[in-house]
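K.L.:
Read off the chains here:
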Amino acid sequence: MVKTEQVKIKTEGNCDVVNITEFVQNFINRAGIKEGTITIFNVGSTAAITTTEYEPGLVNHDLKAAFEKIAPQNANYEHEKTWNDDNGHSHVSASLLGPSLSVPVLDGRLTLGTWQQIVLIDFDTSPRTRTLVCQFIGD
Amino acid sequence: MVKTEQVKIKTEGNCDVVNITEFVQNFINRAGIKEGTITIFNVGSTAAITTTEYEPGLVNHDLKAAFEKIAPQNANYEHEKTWNDDNGHSHVSASLLGPSLSVPVLDGRLTLGTWQQIVLIDFDTSPRTRTLVCQFIGD
Amino acid sequence: MVKTEQVKIKTEGNCDVVNITEFVQNFINRAGIKEGTITIFNVGSTAAITTTEYEPGLVNHDLKAAFEKIAPQNANYEHEKTWNDDNGHSHVSASLLGPSLSVPVLDGRLTLGTWQQIVLIDFDTSPRTRTLVCQFIGD
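Chains as they are written, first to last, in this note's numbering: chain A, 1 to 139; chain B, 1 to 139; chain C, 1 to 139.
A couple of the hints might just be wrong.
The list cannot tell twin chains apart, which means a pair is met if one copy fits it or any two copies do.
What the hints assert, rightly or not - Once the Cα atoms are required to be at most 25 Å apart in a straight line, the calculated DSS-like pairs of lysine-lysine come out as:
| hint | residue 1 | residue 2 |
| --- | --- | --- |
| 1 | K10 | K64 |
| 2 | K64 | K8 |
| 3 | K69 | K81 |
| 4 | K34 | K3 |
Derived by calculation from the structure, the hints in this document are not laboratory data.
Using the sequences and the hints, build the whole thing.
P.N.:
What follows is the structure, encoded as structure tokens:
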């Protein structure tokens, strides 16, 4: 079977790391899903999905510092000249991290580790409401 | 149902960013696909798949600059000593970005944003013809 | 059909790059899988999955050097203050690379290139036994 759901997630932007694990598990519970693969996809090109241990050190400091190093906010971006905006670094970080994540489900549960949460990272430069597509394939 | 197609894509190499969205959507149209997940996989270890806003600033400048920073072309790579070649940086960038992307399909359409395209990035050092495997699972 | 298997993989940590291609192909052979998508998922937030050419130069040197540049082992991490541990860089690298990889299977074979192997990279700071979930959806 295929089950698809679109949801809206509010973010603060500027590398805001949002824990979306509970939403994904709730979708699994509602849909009566037992075994199969869930894909979580961010619609748009300035946010991305991965997993991390959701604790304040990583979420509020270390991940931000790493992306600031890879794609510094104040570097020169041709993208910003094209559109006269300020989010060149947001695009670069989001493309590098990637918009989708696939996670196996077994016995109705995400197969995450205890200290592993699914996160949406919004790299854009102001608060946004993001659309995520959550799609399950399996039994 | 499962639908699989292999396609050849010509690239210029050297961080050439190729928009493959239309190919993927055409595959969906031909196959009569309605709802499910598409996985696009690059065969080979010096190119990768992600999404970005396909506009000249990001595509011709900013993404190249970011990967040049992460894996500079002129740094020393042990890989190049092994094979006496010049593409150590290509391997590192491709492994970091990853060879596959999964995108949900709903009502026969990719669930991309308006300014979000699926791209193949070829990090190798000369023009290549790439093989992509495009595989759909769903209804 | 859905087939799911959990396996244990021993690693040395410290950016140990482990070739898991044969395990995944063996799973395909045992399960009698013909066509569909395999997702390999690392349980935990300090290791990740990608593909690379599995040769000593990349595996023992170049990939390590790239991740050391992105997330240096000796930098300051707030995560380490939270838990009084030493693996802040491990978390950052693992989140950036991502915990899962999806690969199409066709005619009972992974659609990898000749010089492209599936690898688990363990970024943690000591030897570990990792749990991977290998899940197939298809025919």
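K.L.:
Confirm or reject each hint.
P.N.:
Consistency of the hints with the structure:
1. K10 / K64: Classified as within; 18 Å inside a copy, 31 Å across copies.
2. K64 / K8: within (23 Å within a copy, 32 Å between copies)
3. K69 / K81: For K69 and K81, the Cα distance is within 25 Å both inside one copy (21 Å) and across copies (21 Å).
4. K34 / K3: Cα proximity of K34 and K3: in one copy and across copies (12 Å, 12 Å).
Taken one by one, the earlier hints all hold for this structure without exception.
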